[in-house]
Amino acid sequence: MRPFSADASFLAGAAGAFVPELTLRVADTLARLRQARDVTVGCSAKRAVWSFGKTTLYEYLPLREAARDAPQRSAARPLLICFALVNRPYVLDLQPDRSLVRRLLDAGLSVYLIDWGDPDDADRCLDLEDYVERHLGGCVRHILVSRGTSSLDLLGVCQGGVLSLCYTALHRREVANLVTLTTPVDFHTPDNLLSKWVRELDTELLRQSGNVPGEALNGLFLALMPFRLTQQKYVRLLAGNSDQRVLEDFVRMERWIFDSPPQAAVALAEFVRWFYQENRLIRGTLRIGGKRVDLAAIVQPVLNLYALGDHIVPPAASAAMERCLGSRDYTGCGIDTGHIGMYASRKGADEIPSRIISWLRERP
Amino acid sequence: MQNPFMSTAFKPDLAFTGAAERFFELLKSFSLPGAGAAGAAPDWSALAGSLAGQFEQWLKSSQSAGPWFTAASAPGSGAGFGAAAASFGPLPLGAGAAPQQDAQRSWDLVARLAQLQAQLASYWGEIAHDAAQRFVTRMGAAAGGAPTLDGALKLYELWVNCAEESYAATVRKEEFCRLQAQLANASAALLVEQRRHAETLVRAFGLPSRNEVDALYAQLKELRTQLAELTEARRAKPPQPDRATAGRGVGKRPASTPARDRRSRRARKPRA
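Taken in order, these protein sequences are the chains called F and S. Each residue of the first sequence is one higher than the one before, counting from 698 in our numbering. Each residue of the second sequence is one higher than the one before, counting from 102 in our numbering.
Everything labelled a hint here was simulated from the structure, so no lab data went into it. Virtual Cβ for every residue (Gly too), placed ideally from N, Cα, C. Heads up, a few of these hints could be off.
[As the list claims (entries may be wrong)] Not everything, but these chain S residues come out facing chain F in the computed CB check (under 10 Å):
| hint | residue |
| --- | --- |
| 1 | Thr118 |
| 2 | Gly119 |
| 3 | Val261 |
| 4 | Pro309 |
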């Protein structure tokens, strides 16, 4: 192993030399963090157009610049974004310069988004069939009817990508093009730590325990890389520049990371068992609402974007999709970033919308 | 100090303060007497013990009941009875409130949890010592030059890399994964057991229990599904021929085409 080459003499006797400077930086960063605490999240105008239980379907209003193309937009096929159940979807529209939604609107697309809301105790028996067939399905049907069209484009993100794959396999005619972001298909790849940890969970107990608070899942995700995610990222602020906007970006992400909705007990237990434990999706043994979810039945064009440095959905877990689909028009692409970087990093904010927009334009 | 796993709420200033405190503590342990005199090459191997001890302490306080099930427990509540089960929300009752025979099972589960947590603690020691060893190996005989904040931050990065590598190597082991699952299962079993006690109690007062509410909800859901199916079937059904035209071949065929039927199915909005 190569020895650490930096100067380390401060450790020996002279350790106090930079402490005043460090103390000042800590105080300054803390004050600026407190100033930034009330940053707003979400930037594009939207309106609720349908709801079912705690689920709300939003339609984003066209941007002023794109409004001049309104006739073209209304004729275009709508794009429905299906986010994960375990996080809030506003990360896709966090701030003007980091908003996938805004970029899609700017390209003249007609964008809808599903917000699953906060399941409470009355929803603890919601299962995956409810989410796929009635909540996601209800959104799809509402859009198709209200737009008078026979199909839409579906963009599934992370766990929402899994739900989107299930829906597309079960309702082929309603989905023209499918885009998936950081979506796992093979839950048993050797590098999937999350999968290893939950492999022997008793899902019946999980089901009986009631809804799982968002904080519990946050704790699980943080524990995958505890030092980087709970220590290092804060200490790195001491080395950063003093631009308040950078700190505000950081706080926006913090707000999102720690703002996780509770999980309906039955749906979570089913997801853990069917996907993480039994790997049913890739094995072709998954059934939802009595119907088999056959990935080979997905014959429409698919764009699959995954992160090469993803610690939650390893790239191999997502890239496996190519082998299972019936589609002859599959595009898989690994992006050099991490899981959250896919939605919120500068790289993600630049590269991902461009890829989605150009891919969809080639498939009118 | 703020415990990162106890604080899974949005408190960036507190999280930052906690991490900065940890950073200072780390720097302090670097300047222990074993680190050598100014200008001389420090004896890094002497640091390994204190570094590992400090790190192990942090791991224990962060993850005493397993990362998942400690996450939502109250700050400072430690690894006790309440901490483990409170992950799913506040407990309605303590084990002591249950009838004697039922309480035994709860206490058995508490003992089981304590046993599993003790097993987990041995892994924290393993991770801490391995991380300290990696760090010392990579430090080599670095010395000389004026101390700088950038140098300190670089050392910190190195320390985090070592810690993450050691952590990853251990937590991927099959026996560790099994232990984590056992801890989670024991926590959930304890919670379920306590809720069972609560059910007994509320029933005694004539109050509806969680299970009864769930059963009602399931019935309601089934009725809604049936209603939706009936509504759909009614929509799809061809209009009944009136008596005047019956038998003349009018109205036998549905007016809608299959494509139109599909549209009408889509138009149905499920009711909340």
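Here's how the hints hold up against the structure:
1. Thr118: Because about 6 Å separates Thr118(S) from the closest Cβ in chain F, which is inside the 10 Å limit, the hint holds.
2. Gly119: With Cβ-Cβ at 8 Å, under 10 Å, it holds.
3. Val261: holds (5 Å)
4. Pro309: violated (12 Å)
Consistency with the previously given hints fails for number 4 only.
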